[in-house]
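Asker: Each chain is listed here by its residues.
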Amino acid sequence: VSDVITTQRVHWDLNYDVHLGATWGRFMQGLTEQKILTNRCPECSRVFVPPQAYCESCFVKTDEWLELPPEGAVEAFTVAWLGFRGGPTPPYAIAGIRLDGASTLLMHYVGGLDLGNPNTIREQIGPGTRVRAVWAEERTGQILDIAHFEKI
Amino acid sequence: MATRAVIAGVGITPATSPRKQTSSSLELIQEAVWGALQHSGAAPDSLDGIVIGNIDGFEGTVLGAKHMVRRLGLGPDLPVSILNTGGTTGGNLVQVAARQVRAGDRRRVLVIGGPTFFGAEDLQSAINTNSPMIVEQPLGMGAYHMGAFYPSAYTERFGATVEDFAVSAVQDHEHASRNPYAHLRNTMTVEDVVSAKPLSYPLTMAMVCPVSTSANALVVCAEGTTEDLRPVPVLIKAFATSSDPYLGGGKNDFAAMENLAILAQKVYQLADVRDPRAEIDVVEVFSPYAPMQPMQLEALGFAAPGGGIELIRSGATRIDGDVPVNLSGGPLCTNAGVAGELAPIVYVALQLMGDAPEAMQVPGARRGLAHGTGGTFFQFENLAILERM
Numbered sequence: 025v026s027d028v029i030t031t032q033r034v035h036w037d038l039n040y041d042v043h044l045g046a047t048w049g050r051f052m053q054g055l056t057e058q059k060i061l062t063n064r065c066p067e068c069s070r071v072f073v074p075p076q077a078y079c080e081s082c083f084v085k086t087d088e089w090l091e092l093p094p095e096g097a098v099e100a101f102t103v104a105w106l107g108f109r110g111g112p113t114p115p116y117a118i119a120g121i122r123l124d125g126a127s128t129l130l131m132h133y134v135g136g137l138d139l140g141n142p143n144t145i146r147e148q149i150g151p152g153t154r155v156r157a158v159w160a161e162e163r164t165g166q167i168l169d170i171a172h173f174e175k176i
Numbered sequence: 009m010a011t012r013a014v015i016a017g018v019g020i021t022p023a024t025s026p027r028k029q030t031s032s033s034l035e036l037i038q039e040a041v042w043g044a045l046q047h048s049g050a051a052p053d054s055l056d057g058i059v060i061g062n063i064d065g066f067e068g069t070v071l072g073a074k075h076m077v078r079r080l081g082l083g084p085d086l087p088v089s090i091l092n093t094g095g096t097t098g099g100n101l102v103q104v105a106a107r108q109v110r111a112g113d114r115r116r117v118l119v120i121g122g123p124t125f126f127g128a129e130d131l132q133s134a135i136n137t138n139s140p141m142i143v144e145q146p147l148g149m150g151a152y153h154m155g156a157f158y159p160s161a162y163t164e165r166f167g168a169t170v171e172d173f174a175v176s177a178v179q180d181h182e183h184a185s186r187n188p189y190a191h192l193r194n195t196m197t198v199e200d201v202v203s204a205k206p207l208s209y210p211l212t213m214a215m216v217c218p219v220s221t222s223a224n225a226l227v228v229c230a231e232g233t234t235e236d237l238r239p240v241p242v243l244i245k246a247f248a249t250s251s252d253p254y255l256g257g258g259k260n261d262f263a264a265m266e267n268l269a270i271l272a273q274k275v276y277q278l279a280d281v282r283d284p285r286a287e288i289d290v291v292e293v294f295s296p297y298a299p300m301q302p303m304q305l306e307a308l309g310f311a312a313p314g315g316g317i318e319l320i321r322s323g324a325t326r327i328d329g330d331v332p333v334n335l336s337g338g339p340l341c342t343n344a345g346v347a348g349e350l351a352p353i354v355y356v357a358l359q360l361m362g363d364a365p366e367a368m369q370v371p372g373a374r375r376g377l378a379h380g381t382g383g384t385f386f387q388f389e390n391l392a393i394l395e396r397m
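Chains as they are written, first to last, in the numbering used here: chain A, 25 to 176; chain B, 9 to 397.
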């Protein structure tokens, strides 16, 4: 079987421009100004971060905007010991963060942790840990305008 | 009364790793299709439709399914339906075929799940293209990182340990060791699972599915049109799909499979199942990450919240238990993309026909549950109840 050719390598390398739309466009513009802009459903009063044009539960337009503080609490987290090609260098911590006043979670990095010992991870960023956004010095209107969150 | 749909034949190929696989996707699909036709006894010219699926980009093409069907040699006139719903493609194939039959539009449909994890050199990078662009994809979240959020949250609520999350992995491997079609057939201890390479807290390598190559196929027919076919037909009694907000941050609760619990209520109502543990004889759930399985069993009503691990530990989910789960070894031991997603239905149908490999057959199984899920945060679920006729 060793002389049978079984595979041929194929490569894809494509760039795309994803159109953000008005709602996420405003959110991204807010990030450049160090503001977390969100919106609220007029019927169920849930606050969405990132914002969304419609509430998918009530099927109504969510046109009331508000700014949330860049602080909240970790609700769920993981620490990546193994990454993937094109991704950040492990280890790194990612969390679902409930910003104060938000009804959804914002996913983001949590920096400034000692990830050397797996047994101490939970006590460092277990659920309930208070965190605050650390802004990137250069902001261009993308989610990484928040460089990461760090423990308060 | 509307026509009902039955499964009357399945085909499975043995699975192996991409590196060891010497057949092409087309060859594996041909083998599964011929296997299903042979098992059912259906003549190729008795088919009146094909439903096939793929996952865009995973095979370096967006034509993964379309370019296959003509080369199966089943004739040029068969209408083909293509599905492309990511990790739920396999489960949805059967739902679409069943709807075509129930609508009276088709009478005998061939369903094909191919080896769609076959090609990607780095599958995590390919899967990561499915995660929400713009706000979550830039955050270093590949598939298993997202899968790790659930056991992390479950630990907080119920105090589960890494040793607890290992129990379903140990059991899946034990089951797979008796399934001649499974990819990973080695048995493992809790210690093996816990001490495997750490991937993403609290997941270890042994809690995550392999990349497999195999193909599965089955034949869906209109009830009462299977007199010429060999297997005992299996009724597709009830089925449905469900989805929750796409963003991971839109999840309400990572410590419970809320979306699946809602879907289960709906499907149990359609199938008139009131006490799932007493009324269901065999279960295949899609748990490519071991900690998902106890959580899914809770959402499906086989255990109370926080009780899924104890259910598995009790032996109830083994072959001689009252609710055997993943006797195939599940996706933790064999996951070939769309073929892997179709596998729960294939294995439950085999069990109910009485045609499962002898070492894994549940004697007298009459009603089964087959589950599928997909999306990087498992936002999409599908569920079916099957019954021996």
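Note that these hints are calculated values from the structure, not bench results.
Virtual Cβ for every residue (Gly too), placed ideally from N, Cα, C.
Some clues are possibly wrong.
[Said to hold, decoys possible] Straight-line C-alpha distance at most 20 Å; calculated SDA-like pairs for lysine to any residue:
no.: 1; chain 1: B; residue 1: K74; chain 2: B; residue 2: L55
no.: 2; chain 1: B; residue 1: K28; chain 2: B; residue 2: E129
no.: 3; chain 1: B; residue 1: K28; chain 2: A; residue 2: E88
no.: 4; chain 1: A; residue 1: K85; chain 2: B; residue 2: D252
no.: 5; chain 1: B; residue 1: K274; chain 2: B; residue 2: E231
no.: 6; chain 1: B; residue 1: K28; chain 2: A; residue 2: T31
no.: 7; chain 1: B; residue 1: K205; chain 2: A; residue 2: L139
no.: 8; chain 1: B; residue 1: K274; chain 2: A; residue 2: S81
no.: 9; chain 1: A; residue 1: K175; chain 2: B; residue 2: L82
no.: 10; chain 1: B; residue 1: K205; chain 2: A; residue 2: W105
no.: 11; chain 1: B; residue 1: K205; chain 2: A; residue 2: R146
no.: 12; chain 1: A; residue 1: K59; chain 2: A; residue 2: T30
no.: 13; chain 1: B; residue 1: K205; chain 2: A; residue 2: P142
no.: 14; chain 1: B; residue 1: K28; chain 2: A; residue 2: V34
no.: 15; chain 1: B; residue 1: K205; chain 2: A; residue 2: L106
no.: 16; chain 1: A; residue 1: K59; chain 2: A; residue 2: E88
no.: 17; chain 1: B; residue 1: K205; chain 2: A; residue 2: P112
no.: 18; chain 1: A; residue 1: K85; chain 2: A; residue 2: T113
no.: 19; chain 1: B; residue 1: K205; chain 2: A; residue 2: P114
no.: 20; chain 1: A; residue 1: K175; chain 2: A; residue 2: A97
no.: 21; chain 1: A; residue 1: K85; chain 2: A; residue 2: S69
no.: 22; chain 1: B; residue 1: K28; chain 2: A; residue 2: S69
no.: 23; chain 1: A; residue 1: K59; chain 2: B; residue 2: I142
no.: 24; chain 1: B; residue 1: K74; chain 2: A; residue 2: V34
no.: 25; chain 1: B; residue 1: K205; chain 2: A; residue 2: V28
no.: 26; chain 1: B; residue 1: K205; chain 2: A; residue 2: T144
no.: 27; chain 1: B; residue 1: K28; chain 2: A; residue 2: T30
[What the hints assert, rightly or not] Below, a sample of chain B positions facing chain A; criterion: calculated Cβ distance under 8 Å:
no.: 28; residue: T30
no.: 29; residue: G68
no.: 30; residue: E144
no.: 31; residue: P146
no.: 32; residue: H153
no.: 33; residue: A161
no.: 34; residue: E164
no.: 35; residue: F166
no.: 36; residue: G167
no.: 37; residue: P253
no.: 38; residue: G256
no.: 39; residue: G258
no.: 40; residue: G329
Asker: State for each hint whether it applies.
Answerer: Verification of the supplied hints:
For the hint linking K74 of chain B to L55 of chain B, the alpha-carbon distance of about 18 Å falls within 20 Å, and the restraint holds. This hinted pair checks out: K28 of chain B and E129 of chain B have alpha carbons roughly 14 Å apart, not beyond 20 Å. Restraint check for K28 of chain B and E88 of chain A: not satisfied, since their Cα atoms lie roughly 57 Å apart, outside the 20 Å limit. Between K85 of chain A and D252 of chain B, the direct Cα distance comes to roughly 19 Å. Compliance with the 20 Å bound is thereby established for this hinted pair.
A threshold of 20 Å between alpha carbons decides the hint, and for K274 of chain B with E231 of chain B the separation of about 23 Å lies outside it, so the pair is violated. At most 20 Å may separate the alpha-carbon atoms for a hinted pair to count; K28 of chain B and T31 of chain A meet this at roughly 11 Å. Between K205 of chain B and L139 of chain A the CA atoms are separated by roughly 16 Å; this keeps the pair inside 20 Å, and the hint holds. The suggested pairing of K274 of chain B with S81 of chain A holds, with an alpha-carbon distance near 18 Å, which does not exceed 20 Å.
Annotation: proposed proximity of K175 of chain A to L82 of chain B is violated, straight-line Cα distance about 62 Å (limit 20 Å). Distance restraint check for K205 of chain B and W105 of chain A: the Cα-Cα separation of roughly 9 Å lies within the 20 Å cut-off, and the hinted pair is therefore satisfied. For the hint linking K205 of chain B to R146 of chain A, the alpha-carbon distance of about 19 Å falls within 20 Å, and the restraint holds. Note on K59 of chain A and T30 of chain A: the hinted pairing is violated, with a Cα-Cα distance of about 54 Å set against a maximum of 20 Å.
With a CA separation close to 12 Å, the supplied pair K205 of chain B and P142 of chain A stays within the 20 Å bound. Restraint check: the Cα-Cα separation between K28 of chain B and V34 of chain A comes to about 19 Å, which is no more than 20 Å; the hinted pair holds. Of the supplied pair hints, the one linking K205 of chain B and L106 of chain A holds, its CA atoms being roughly 9 Å apart against a limit of 20 Å. Of the pairs offered as hints, the one joining K59 of chain A and E88 of chain A holds, with about 16 Å between alpha carbons and a cut-off of 20 Å not exceeded.
Of the pairs offered as hints, the one joining K205 of chain B and P112 of chain A holds, with about 19 Å between alpha carbons and a cut-off of 20 Å not exceeded. For a cut-off of 20 Å, the pair hint linking K85 of chain A to T113 of chain A is broken: about 40 Å separates their Cα positions. Taking the CA atoms of K205 of chain B and P114 of chain A, the gap is about 14 Å. The hint holds against a cut of 20 Å. Between K175 of chain A and A97 of chain A, the direct Cα distance comes to roughly 9 Å. Compliance with the 20 Å bound is thereby established for this hinted pair.
Only pairs whose Cα atoms come within 20 Å are accepted, and K85 of chain A paired with S69 of chain A is accepted, the gap being roughly 12 Å. Straight-line distance between C-alpha atoms of K28 of chain B and S69 of chain A comes to about 55 Å, which puts the hinted pair past the 20 Å bound. A distance of roughly 17 Å separates the Cα atoms of K59 of chain A and I142 of chain B; the hinted pair therefore holds under the 20 Å criterion. A threshold of 20 Å between alpha carbons decides the hint, and for K74 of chain B with V34 of chain A the separation of about 19 Å falls inside it, so the pair holds.
With a CA separation close to 34 Å, the supplied pair K205 of chain B and V28 of chain A exceeds the 20 Å bound. For the hint pairing K205 of chain B with T144 of chain A, the CA-to-CA distance comes to about 18 Å; that is within 20 Å, so the pair holds. With a C-alpha separation of about 9 Å, the suggested pairing of K28 of chain B with T30 of chain A holds against the 20 Å cut-off. Taking 8 Å as the C-beta contact cut-off toward chain A, the hint placing T30 of chain B at the interface holds, the least distance being around 6 Å.
The restraint placing G68 of chain B at the interface with chain A holds, with a minimum CB-CB distance near 4 Å, inside the 8 Å limit. With 8 Å as the threshold, the beta carbon of E144 of chain B comes within range of chain A, its nearest partner Cβ sitting at about 5 Å, so the hint holds. For P146 of chain B, the suggested interface contact is upheld, since its CB lies about 6 Å from the closest CB of chain A, less than 8 Å. Checking H153 of chain B against chain A: minimum C-beta separation of about 5 Å stays under 8 Å; hint holds.
Checking A161 of chain B against chain A by beta carbon gives a least distance of about 4 Å; that is within 8 Å, so the hint holds. Interface restraint check for E164 of chain B: the shortest CB-CB distance to chain A comes to about 5 Å, inside 8 Å, so the restraint holds. Annotation: F166 of chain B was flagged as interfacial toward chain A, and the flag is violated, the nearest CB pair being 13 Å apart, outside 8 Å. Hint status for G167 of chain B relative to chain A: violated, with the closest Cβ pair at about 12 Å, above 8 Å.
Evaluation of the P253 of chain B hint against chain A yields a held restraint, the C-beta minimum of about 6 Å falling below 8 Å. A cut of 8 Å between beta carbons decides the hint on G256 of chain B: the least distance to chain A is about 5 Å, and the hint holds. Interface hint status for G258 of chain B: upheld, as the beta-carbon distance to the closest one in chain A is roughly 5 Å, under 8 Å. Because the smallest distance between the Cβ of G329 of chain B and any Cβ of chain A comes to about 31 Å, over 8 Å, the interface hint for this residue is violated.
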